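Going down the list, the sequences are from chains A and B. Heads up, the first sequence is in numbering that gives the first Met the number 0, so the first residue is 0 and it goes up one at a time. Heads up, the second sequence is in numbering that gives the first Met the number 0, so the first residue is 0 and it goes up one at a time.
Bear in mind the hints are in silico, worked out from the structure with no lab data behind them. A portion of the hints provided could be inaccurate.
Claimed, not checked - Anything over 10 Å on all C-beta distances counts as not near chain A; from chain B, calculated: (1) W26; (2) L62; (3) Q83; (4) P198; (5) R288; (6) E411.
Claimed, not checked - Just the calculated beta-carbon pair ranges, DEER-fashion: (7) L460(B) - F22(A): 49 to 55 Å; (8) G212(A) - I299(B): 46 to 52 Å; (9) R383(B) - G189(A): 49 to 55 Å; (10) T229(B) - G110(A): 54 to 60 Å; (11) P290(B) - R62(A): 45 to 51 Å; (12) P35(A) - P290(B): 37 to 43 Å; (13) A171(A) - W26(B): 55 to 61 Å; (14) L77(A) - A86(B): 48 to 54 Å; (15) A21(B) - P111(A): 53 to 59 Å; (16) F182(A) - P290(B): 52 to 58 Å; (17) R62(A) - L264(B): 36 to 42 Å; (18) A86(B) - A171(A): 41 to 47 Å.
What the hints assert, rightly or not - Some chain B residues well away from chain A (every beta-carbon gap over 12 Å; in silico): (19) W197; (20) Q199; (21) D243.
Fair warning: this is a prediction, and the values are worked out from it, not measured in the lab. Idealized CB from N, CA, C, for every residue including glycine.
Next come the chains, spelled out residue by residue.
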Amino acid sequence: MTLAVHIHRLATRDHTLVQDLRFEVAPGRILTLMGPSGSGKSSVLAAIAGTLHSVTEGSEALRFDGAVTLDGRDLTRLPTAQRGIGLLFQDDLLFAHMTVAENLLFAVPAGPKRERLAAVAQALDEAGLAGFGARDPATLSGGQRARVALMRALLARPRALLLDEPFSKLDAALRDQFRAFVFDHLRDSGVPAVLVTHDAADVADPSLVVELGRAG
Amino acid sequence: MRLSSNVSRRHLGAGALLALAAVPVLWTALEALKTGSHPAAWRALAQDPALTHAALLTLWTGLASTLLAWWGAAALLARGFVRQRLARLLRGLPVMLATPHAALAIGFLFLLAPSGWLLRALSPWLTGFDSPPPWATTQDPWGLGLIAALVIKEIPFLLWTAATQLQRDDVRQRWRAEHALAQTLGYAPRRAFWLVLWPQLASRLRWPLLAVLAYGLTVVDMALVIGPATPPTLAVLAWQWLQDADPATYAQGAATGVLLALMVLACSALWLASQQLHRRALAHGHGVRGPVERTPGSGIGLWLLLGVYAAVLLALAVGSVSGVWAFPAVWPQSFTTVAWEQVAQSSGTVLTTLWLAAGSSAVALVWSVAWLELAPRRWDDAMRPLLYLPLVLPAVLWVVGLYGVGLQLRLEGQVSGLLIAHTLMVLPYVLLSLSPAYLGFDPRYAQLNASLGRSGGAFLLRVKWPLLKRALASATAVGFAVSVAQYLPTLYLGAGRFASVTTEAVTLASGGQRSLTSAYAGLQLALPVLAFALAAWLGRPRRFTHSAA
Numbered sequence: 000m001t002l003a004v005h006i007h008r009l010a011t012r013d014h015t016l017v018q019d020l021r022f023e024v025a026p027g028r029i030l031t032l033m034g035p036s037g038s039g040k041s042s043v044l045a046a047i048a049g050t051l052h053s054v055t056e057g058s059e060a061l062r063f064d065g066a067v068t069l070d071g072r073d074l075t076r077l078p079t080a081q082r083g084i085g086l087l088f089q090d091d092l093l094f095a096h097m098t099v100a101e102n103l104l105f106a107v108p109a110g111p112k113r114e115r116l117a118a119v120a121q122a123l124d125e126a127g128l129a130g131f132g133a134r135d136p137a138t139l140s141g142g143q144r145a146r147v148a149l150m151r152a153l154l155a156r157p158r159a160l161l162l163d164e165p166f167s168k169l170d171a172a173l174r175d176q177f178r179a180f181v182f183d184h185l186r187d188s189g190v191p192a193v194l195v196t197h198d199a200a201d202v203a204d205p206s207l208v209v210e211l212g213r214a215g
Numbered sequence: 000m001r002l003s004s005n006v007s008r009r010h011l012g013a014g015a016l017l018a019l020a021a022v023p024v025l026w027t028a029l030e031a032l033k034t035g036s037h038p039a040a041w042r043a044l045a046q047d048p049a050l051t052h053a054a055l056l057t058l059w060t061g062l063a064s065t066l067l068a069w070w071g072a073a074a075l076l077a078r079g080f081v082r083q084r085l086a087r088l089l090r091g092l093p094v095m096l097a098t099p100h101a102a103l104a105i106g107f108l109f110l111l112a113p114s115g116w117l118l119r120a121l122s123p124w125l126t127g128f129d130s131p132p133p134w135a136t137t138q139d140p141w142g143l144g145l146i147a148a149l150v151i152k153e154i155p156f157l158l159w160t161a162a163t164q165l166q167r168d169d170v171r172q173r174w175r176a177e178h179a180l181a182q183t184l185g186y187a188p189r190r191a192f193w194l195v196l197w198p199q200l201a202s203r204l205r206w207p208l209l210a211v212l213a214y215g216l217t218v219v220d221m222a223l224v225i226g227p228a229t230p231p232t233l234a235v236l237a238w239q240w241l242q243d244a245d246p247a248t249y250a251q252g253a254a255t256g257v258l259l260a261l262m263v264l265a266c267s268a269l270w271l272a273s274q275q276l277h278r279r280a281l282a283h284g285h286g287v288r289g290p291v292e293r294t295p296g297s298g299i300g301l302w303l304l305l306g307v308y309a310a311v312l313l314a315l316a317v318g319s320v321s322g323v324w325a326f327p328a329v330w331p332q333s334f335t336t337v338a339w340e341q342v343a344q345s346s347g348t349v350l351t352t353l354w355l356a357a358g359s360s361a362v363a364l365v366w367s368v369a370w371l372e373l374a375p376r377r378w379d380d381a382m383r384p385l386l387y388l389p390l391v392l393p394a395v396l397w398v399v400g401l402y403g404v405g406l407q408l409r410l411e412g413q414v415s416g417l418l419i420a421h422t423l424m425v426l427p428y429v430l431l432s433l434s435p436a437y438l439g440f441d442p443r444y445a446q447l448n449a450s451l452g453r454s455g456g457a458f459l460l461r462v463k464w465p466l467l468k469r470a471l472a473s474a475t476a477v478g479f480a481v482s483v484a485q486y487l488p489t490l491y492l493g494a495g496r497f498a499s500v501t502t503e504a505v506t507l508a509s510g511g512q513r514s515l516t517s518a519y520a521g522l523q524l525a526l527p528v529l530a531f532a533l534a535a536w537l538g539r540p541r542r543f544t545h546s547a548a
């Protein structure tokens, strides 16, 4: 499962944000997309996931000209729900009206109830949160919430995963821990991943770095 | 030192405000309960042959209208949110919201009645009728006309209360992001809305929904105009008994009011319990992602809603200037301004309506702002049920209490009594509509202001209120509209000495004077619409003369 992205042009009506960006990510690899704020990193992710339209409501609409393919299959015209591309937002965005377990269960594909619940229990276990299932997400610490958010994204069995500065809201000590946690899980899951950050310490794989916001 | 005295001064202010609102509300409620709890009256009520049928009719019209309004509003919101057309959905809302219940019912009457526009448009070419058929299309014994009118009236109210939530920046951005997230997990946009956003929105609409339910179960003015007549709903029955000079019958009417309150309570509990069950069943969603294809052409709901309001408006406008208008003719044969001349001659009615509405909404606004500014959040949360009591208590019961208090204080038939009665009714609506924006105001602005060395007063006048002016203006307009639409309080506390456009319109609706009824109903509609237009103008965002290059 290889993710190939070609952005010919990503622009508002009169301002080009990103031009001629091309990259490929192989299964289990993590590409890091770097750049200062305003360089369009998050917008590139939104273009890949197909959420440009819904996230930029209110501000100026972005137009995306290019192609996103997964193993040669063109996703560009598909709605977000059918792309199979997971997105981990800067905020954990745990649903406030669901328990921790329900948040996870929400992501598990349809199937026999017992198997779905088992998948949730295993995810909680892996996140070191066994026994936290019935909790209100608001009662969890920032680090715990971040882990739940990652497990939720993975439980949907995405074919590729995008991460939008997932470490930026954590303090330094948690950051290292959570970074290792994320990288381990991504490599295990065997999906291609794109990580956006402005912090060089977050680079997952020095051989796979793309810098935005630099001419040429 | 200074800080603690500041805090205690705030508490003192909030306490005074609370007393100002809570004492009359509690007193009125207790007075009403006292009048409505005579054992003899309850015995008489229990033996009344009309009771069972009226109670069943009340349950049917109240629950059916609430369910349909809730479902309709939810469907419109889902569509508007998923297609990102909420702004368009909300554009026509002020006019619909401002339309008083009675005016809508009267307009509906002129559309649906056997001699109404609908049948005129189809006669005689389709129906073959040369004279109005003897059908019970408006005061039908099943209450269908009442249900339809209630649904049409309550959908805009629910949409608007939802909009006050969705227009909060913090909430909207978060929900947009959650909606996008659910889609990255594979959920179709509509299903993502129902599973993720609707449960969160629905729980914030609990109070407005209970108000709709209570209103549907206890409505009098609309039911008088368009509801079933023999037998009527329980609220109309209570109203008829309360008109009686015999104290025993009056007490029976008051007891019926208490019974209605108990029914509201029971239905609310039932509603909340079933909503809870439904949400629990939905919370898991079984992982089904839903079909991604768009359901085509279901935008008809919004057009239907807008169409009904436009037809009502037109029916009232044409009706008010109609002279001779024989049955199958679609347009009147002659036009006349007699009705409007009559309205102009009784300008006291319009003036009474205006000062009552302006006075009560202004007082309610000042109180609400002061309360939201001073009261600790804990107090506010705890006191909301009490402050919202007038919303959920049946109007027939509420006026019994008002009347009793009015008599004791000799306020009955007085300007001050009428103003207090209206303000108590207007206050919960103003508070309800102002709270989301006011409480959602970013507290960091205040800290920033203090760090710049500016006083708290300057902050309110120069920063907070200007930024909130749209919410302040529209909350006042809501209050104005609520006051204009008041029927029973005006009737009871006015003691026959004050008439408003609403009492005139409802009284006239049962007679045969189409043009005068239309004129008053039209006026009843026009006044709040003008108030909303004024609010929109006052609340418009600042236009900067230098735009970005």
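Status of each hint after checking the structure:
Every beta carbon of chain A lies more than 10 Å from that of W26(B), the smallest distance being close to 38 Å; the non-interface claim holds. A cut-off of 10 Å between C-beta atoms confirms that L62(B) is not in contact with chain A; the least separation is 25 Å. Not every CB of chain A is more than 10 Å from the CB of Q83(B) (nearest about 6 Å), against its label as outside the interface. Distance check for P198(B) against chain A: the nearest CB is about 5 Å away, which does not clear 10 Å, and the non-interface claim fails.
Taking the minimum C-beta to C-beta distance to chain A, about 7 Å, the non-interface status of R288(B) is violated against the 10 Å cut. Distance to chain A confirms E411(B) as a non-interface residue, since its nearest Cβ pair spans about 48 Å, more than 10 Å. At roughly 54 Å, the beta carbons of L460(B) and F22(A) sit within the given window of 49 to 55 Å. Taking the beta carbon of each, G212(A) and I299(B) are about 48 Å apart, inside 46 to 52 Å as hinted.
In this structure, R383(B) and G189(A) meet the distance hint of 49 to 55 Å, their C-beta atoms being roughly 52 Å apart. The hinted window of 54 to 60 Å between T229(B) and G110(A) holds, with their beta carbons roughly 58 Å apart. Between P290(B) and R62(A) the beta carbons are some 27 Å apart, a value that contradicts the proposed interval 45 to 51 Å. Checking the proposed 37 to 43 Å range against P35(A) and P290(B) shows it holds: the Cβ atoms sit about 41 Å from each other.
Between A171(A) and W26(B) the Cβ separation comes to about 60 Å, which falls inside the hinted range of 55 to 61 Å. Range check, L77(A) to A86(B): about 27 Å between beta-carbon atoms, so the 48 to 54 Å window is missed. With their beta carbons about 55 Å apart, A21(B) and P111(A) fall inside the hinted range of 53 to 59 Å. In this structure, F182(A) and P290(B) break the distance hint of 52 to 58 Å, their C-beta atoms being roughly 36 Å apart.
In this structure the supplied range 36 to 42 Å is violated for R62(A) paired with L264(B), their Cβ-Cβ distance being about 55 Å. A hinted range of 41 to 47 Å holds for the C-beta pair A86(B) and A171(A), which are about 42 Å apart. Non-interface call for W197(B) relative to chain A: violated, since the shortest CB-CB distance, roughly 10 Å, does not exceed 12 Å. A Cβ of chain A approaches the Cβ of Q199(B) within 12 Å, the least distance being about 5 Å, so the stated non-interface status is violated.
Remark: the non-interface label on D243(B) is consistent with the geometry, its nearest Cβ contact in chain A lying 50 Å away (cut-off 12 Å).
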